[in-house]
Amino acid sequence: MMSVREKFDGDLIELQNKLLEIGRFTEEALTKSIIALETQNVELALEIMDDDTHADLMYEEINDFAILLIAKQAPVAIDLRRIIVAIKIATDIERIADFAVNIAKATIRIGNEPLVKPIVHIKEMHKITLEMLKLSLEAFSDEDVEKARNVALMDDEVDDLYGQIIRDLLQINMQNTEFTAQITQLSFVCRFLERAADHVTNISEHILYLVKGRQYDLNNH
Amino acid sequence: MNATIVKPTIEAVMNHNNSKQSAKAIVYKTSGLNLWYGENHALKEINLDIHENEVTAIIGPSGCGKSTYIKTLNRMIELVPSVKTSGTIEYRGRNIFNKSYSVEELRTRVGMVFQKPNPFPKSIYENVTYGPKIHGIKDKRILDQIVEESLKGAAIWDEVKDRLNENAFGLSGGQQQRLCIARCLAVEPDVILMDEPTSALDPISTLKVEELVQELKKDFSIIIVTHNMQQAARISDKTAFFLNGEVIEFTNTDKIFSTPLDKRTEDYITGRFG
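Line by line, the protein sequences give chains U and W. Under UniProt numbering, think of the first position of the first sequence as 1, with each following residue one higher. Under UniProt numbering, think of the first position of the second sequence as 1, with each following residue one higher.
Hints are supplied without guarantee of correctness; some may be wrong.
[Said to hold, decoys possible] Computed cross-link-like contacts, DSSO-like style, restricted to lysine-lysine with a CA-CA straight-line distance of at most 27 Å: (1) K147(U) with K263(W); (2) K208(W) with K218(W); (3) K99(W) with K72(U); (4) K18(U) with K88(U); (5) K255(W) with K212(U); (6) K212(U) with K263(W); (7) K127(U) with K32(U); (8) K88(U) with K255(W); (9) K255(W) with K72(U); (10) K7(U) with K263(W); (11) K72(U) with K263(W); (12) K218(W) with K152(W); (13) K263(W) with K88(U); (14) K123(U) with K134(U); (15) K29(W) with K99(W); (16) K7(U) with K123(U); (17) K84(W) with K44(W); (18) K127(U) with K117(U).
Hints are computed from structural coordinates only; laboratory data are not their basis. Quick caveat: nothing in here was measured; it's all calculated off a predicted structure.
Chain W extracted, bound-state conformation (with noise of 0.2 Å):
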């Protein structure tokens, strides 16, 4: 009743806006990459940028490298044997090719989202605690809130919310699919990984994960791995072309879909190959 409206200052206001306009702060920095599975050279000079708060989209076709790129951001491409790497990453100014950086903490910190939804064969309840427990977190308070919390991040609660200690398995796709992106949350972290999310999911659900993507961008960086370019193009804020092992082109979404630079990034964006 008594609320008063406090107009901004103009300098509130200028403030706020350069502040819009800065640059964004980088997450992960990719300098001179290179990876080979053996003798396949299939990471090529990598350089790349990820901002925070941003959807950064990596598209090319089959066999470009865009997925073993994404896998190396939190080193599961080392449960491949005989992969080998030369150049750094930083993952918030450091690198995580270090010998000290444990893969454990830049996991609790980079979460991925797979192709396939992958439930864990458990209650929707105990598949978002299960990460949470692991890192020591006991109080049924503290988990009640943590899975209503991360339910509703992934825009599934209302979905969900009176069956929770039913199997994950009796959800439809899109469902299980958006239970992993709260599993994803549940651990609080500053990255998502998203490989294909949606290429197993039917037009509806991957709408819902897009929406959610756009949600989720507030509070996290996120790269995703699409095979649907219209994908790209509604979703992300800057996309990287890749290309038989080299990034193509890298720049802000809306270029790369009116006006790219390198005629291979439009031959594959208009659908010539790939």
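Just chain U, with the same shape it has in the complex (with noise of 0.2 Å):
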């Protein structure tokens, strides 16, 4: 059947579109700010709080666009519901985008103190976030249910390090009282990246009640 409503099937392409690209430039974010952790460099970590100003940006712009095609389109059923989800998505993205500045200020707050110790955890945990997020991206521009699924599921696996590492960091903390800051600086990152992988998971909620257009509860699976 011929579609007559092909300006606003291009709009809604658009729109995925925007979404991935807040998405990949998150992504992005938070790459570099695991690495400045790393690397203790502070330019870089300055550099990733500068470049948020574009994400609250293309935040901002995701709304508006959403906004207009309802008032102009009076969508319903799936099209209404990939409206709002964008709306939805880039929401967690945008939080999530945050999170990378967060660690980034954290970065500059331990500045060029030697690290207690190497963050391979920390590392471990950032990865398996950075690929959450990557794959539900995937997960919402194939709409894939399953890939949805899976994501939520790689949470587990960042919920366990977190409490691992903060045990560890504890530990540290008790050995060795000096290292008190940069001790409660590296916890809060370990917040900051169980936190995003919370938000990927609502990405995944999101995508089911896209496909399935009813409500799932992933974070207490």
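With the hints as a guide, bring both chains together as one complex.
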């Protein structure tokens, strides 16, 4: 059947592309944030903070565009869900971009004080979170429910690592209190990554809602 | 002053809630309905239950059979030569196609409002009293009362009460349509059929008629054919989607407009064809 809403179909694709764009930007910011932390590169951290305005602008643009589409096209059913879900996913992604900024700020606070130990586990946590974000964007773009569910399962690994790293850091702190400031910052970084992974899980839920038309709770499975 | 507030008992509340949940009576039961215009098979195996005090919307692209269906419900379709039907339509339990069923009796119970407002070239007052007079009501006091109640029921009383003797053609299109609804209410029908009642009206008049439909469903059962899908979404409880003479999907309006089951329904309501 020939579509009679070509312009609207084009607009929906544009909305999706804008979302993938802010998603890719956030992936990059998150990647840079851990490089900055590991290499104690304050300059790179500052750059991440500066660049965040770009994510904020893209987020606003997605919202404005979505509102306009609702106002002009009076969408229903899957069309309406596509737009509402775009707004929700954009909110989660923007929040993840903020966590990259938070990690950058922690890097600046630690400054050039030698790290109490190599951040192997934090990097592992980061790697999984980043992978989750990448997969969730693929799942969104392909409307792949299976992939979205798998992403949510990966969140358990992040949670486990989070518990383990926090215990390690507390242990170090008990043995040597002069690094308390740094250990606090590293704990924050872990918390930011753990929260970022939760927001990716939210994205998975939104994808399920988009495709199935009902709410799923993947955070407490 | 001496009024006391009686708190409802728990049982009363429960019963009330239960009665709310219980299924509403069926006004129209359509079973295996087929209709042909000569060789053209316009309605195919239609099965639909229409419940009382609900608004049932019929949607679908041009030529899908929705107007044919609604005109079958009051047997107006018989005016078209070469129409043949099979199957049954029961109105309140009686098959309307039975030879013994008089069409006059059916149309007293089932009023109709058309796409274009069609008031008689008479005064506003006479438009409303036309039906009741045919039914033998002559008492001026009763007729006055019917006029006031019907015009109030159609949400037009305040706009016309001071010019009841003026010609109905002096009213705006939206007012004429509400007058036609008042004319329909004057004979105290059970069901009101509406065939695209707002398609010739401006947006504000459209919203007024939509508001009115919400009020009317408390006392009547309403079946509305509409091209305006947002209208169906706004005002109806159930929606039937017709396509090529078939009912593709018939369910709660909220369901149809959020998660329809059939791809063709989804394509239609999201404007991908039609």
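Practice task
Just pull the numbers of the violated hints for me, sorted ascending.
Solution key: 3, 16
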